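J.: Those protein sequences? They're chains A and B, same order as listed.
Read in this note's numbering, the first sequence has 85 at position 85, and its numbers run on one by one without any break.
Read in this note's numbering, the second sequence has 1046 at position 46, and its numbers run on one by one without any break.
Derived from the structure by calculation, the hints contain no laboratory data.
All values reported here derive from a predicted model rather than from experimental measurement.
Quick reminder that beta carbons are idealized off the backbone N, C-alpha and C, glycines included.
One or more hints might be untrue.
[Stated by the list, open to error] Cβ pair distances, simulated, as ranges:
(1) B:M1141 x A:Q6: 45 to 55 Å
(2) B:V1112 x A:M1: 22 to 32 Å
(3) A:R15 x B:Q1057: 42 to 52 Å
(4) A:N11 x B:P1042: 35 to 45 Å
(5) B:S1015 x A:V60: 34 to 44 Å
(6) B:M1100 x A:P36: 19 to 29 Å
(7) A:L2 x B:D1236: 53 to 63 Å
(8) B:G1019 x A:L2: 50 to 60 Å
(9) A:M1 x B:S1017: 45 to 55 Å
(10) B:G1076 x A:P41: 20 to 30 Å
(11) A:Q189 x B:M1100: 17 to 27 Å
(12) A:Q6 x B:T1269: 22 to 32 Å
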Amino acid sequence: MLDWIQTLGQNALSRLAAFGRAGQLLLQSLVARPAPFTMFPLLVQQLYFVGVLSLVIIVVSGGFIGMVLGLQGYTILVDYGSEQAVGQMVALSLVRELAPVVTALLFAGRAGSALTAEIGLMKATEQLASLEMIGVDPLRRVIAPRFWAGFISMPILTVIFSVVGVWGGAIVAVDWLGIYEGSFWANMQHSVDFKEDVLNGIIKSIVFGAVVTWIAVFEGYDCVPTSEGISQATTRTVVFSSLAVLGLDFILTALMFGEL
Amino acid sequence: MDPLSDIIIDIRGMSFSRGSRTIFDDISIRVPRGKVTAIMGPSGTGKTTLLKLIGGQLRPDSGQILLEQDDIPKLGRRELFLARERMGMLFQSGALFTDMSVFENVAFPLRVHTDLTNDMIRDIVLMKLQAVGLRGAAKLMPSELSGGMARRVALARAIALDPDIVMYDEPFTGQDPIAMGVLVNLIRRLNQALGHTSIIVSHDIKETLGIADYVYMVADGRVIAEGTPNELSTVDSEQVRQFMQGLPDGPVPFHYPAPDLMQDLLQETP
């Protein structure tokens, strides 16, 4: 029993210490020493790796999820004779919830894990140490551009996800199932509020972007520089970011739409 | 001339520990300017740690590490980075940036720390690569190089800014005889031609003693012997002799501490 309490305390302490180190990393690489001019080309490069290369998975998933929503919505709503509302259902569930959350989960799996593995390998092969010895701060050179790239990419990817999803829903509902096009779009336009729905979804995605990339770069930077250490860090990135996204999603939804 | 008359790095009474394990205990090492100084000792005695301490990547628990007048552990971040511009370090793995070509790797310190034009940077990089014999490999990526070549590129990068001090972390480990000969030659030749101070951390006795002007032998967190290579071969110490002659048993025992063999064999499996 005592052992159990001891392990619990130890785990809690080491988690807390890691959280402190993560905060320090974020502060040092972003707030304390901004260097916009040297960072810009690096940022563009990372935007490509983190953002552009994630496009395929985001577009394909967005399309399919929109199509499934259209199909499921139709089969349920048609029983009540209100299949005209499919557009509204597809759009609201996408912009409010599915686009930010699913994009963040996919992003954690594709870009987050890659960031962790890349930074971890740079640590294991002494590239970070050699940057330091050359007199270049690895936080500024390696961590900061990657963090900003994730932070910027996520909202854009989320918007793309929503747009493709709505389009996928329209293909199924209007073109295949034959809902009247006018009422599909009109219902959607009528019920989706820019500030209430679209903007809140984007705010969510900004938060998720920051959190997922933060976890990814920290796990890479803080990993044990061995093959085992890197694989564990990569796993932790995906697990922690997924849990963080789902947990934060509930909190943000409660703050935005709930009456808490 | 006394090799220790002009000192560039002076480590005074420095102690360093990791957790409960003491790596260095009140160690003092003086590195003469313009010479090749070797720091030797068995694996796990913290030789690489010593280079990291000199480079300011780690901080000692106590004592001073003076680079001329600057006490490295006391420097602020900015001064530390300035001091590092005077040092080049060759890492054990080479530590080339895998996303850049050989040329860009060598050009990197120049691009970061100087305002030279691209033409001038190109000339300097080609000259450094020529010095290590790899000008023809300028366009290759690090993944296309052999281990020995990677280390030579890393050497070219370490000397790109013409540093005052070049530190070599186990430069000969895992090299075939030809690559080893090339590296030994290069380290000596570059030291003479460029006039910088070299610090070599190694346990390859023959190669290191062949090029070192002064040698420190480190074990158990202390300096157990020091002197010119000739002086070291006459030191009357079991520990030094075991290391120099590569004897399997001696003060550093062959057997890891264990209970008596008979007792261990007769014990029942738990």
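J.: Taking the hints in turn, state whether each one holds.
T.: Each hint tested on the structure:
1. B:M1141 x A:Q6: 45 to 55 Å: holds (50 Å)
2. B:V1112 x A:M1: 22 to 32 Å: violated (56 Å)
3. A:R15 x B:Q1057: 42 to 52 Å: Violated, since R15 of chain A and Q1057 of chain B (Cβ atoms, about 26 Å apart) do not stay within the stated range.
4. A:N11 x B:P1042: 35 to 45 Å: holds (36 Å)
5. B:S1015 x A:V60: 34 to 44 Å: At 59 Å between Cβs, range violated.
6. B:M1100 x A:P36: 19 to 29 Å: holds (22 Å)
7. A:L2 x B:D1236: 53 to 63 Å: 54 Å Cβ-Cβ, so the 53 to 63 Å window holds.
8. B:G1019 x A:L2: 50 to 60 Å: Taking Cβ atoms as reference, G1019 of chain B and L2 of chain A lie about 24 Å apart, which means the hint is violated.
9. A:M1 x B:S1017: 45 to 55 Å: Because 34 Å falls outside the window, the suggested range is violated.
10. B:G1076 x A:P41: 20 to 30 Å: holds (28 Å)
11. A:Q189 x B:M1100: 17 to 27 Å: At 50 Å between Cβs, range violated.
12. A:Q6 x B:T1269: 22 to 32 Å: With a Cβ separation near 29 Å, Q6 of chain A and T1269 of chain B satisfy 22 to 32 Å, so the hint holds.
The structure does not agree with the numbered hints 2, 3, 5, 8, 9, 11 stated previously, though it agrees with the rest.
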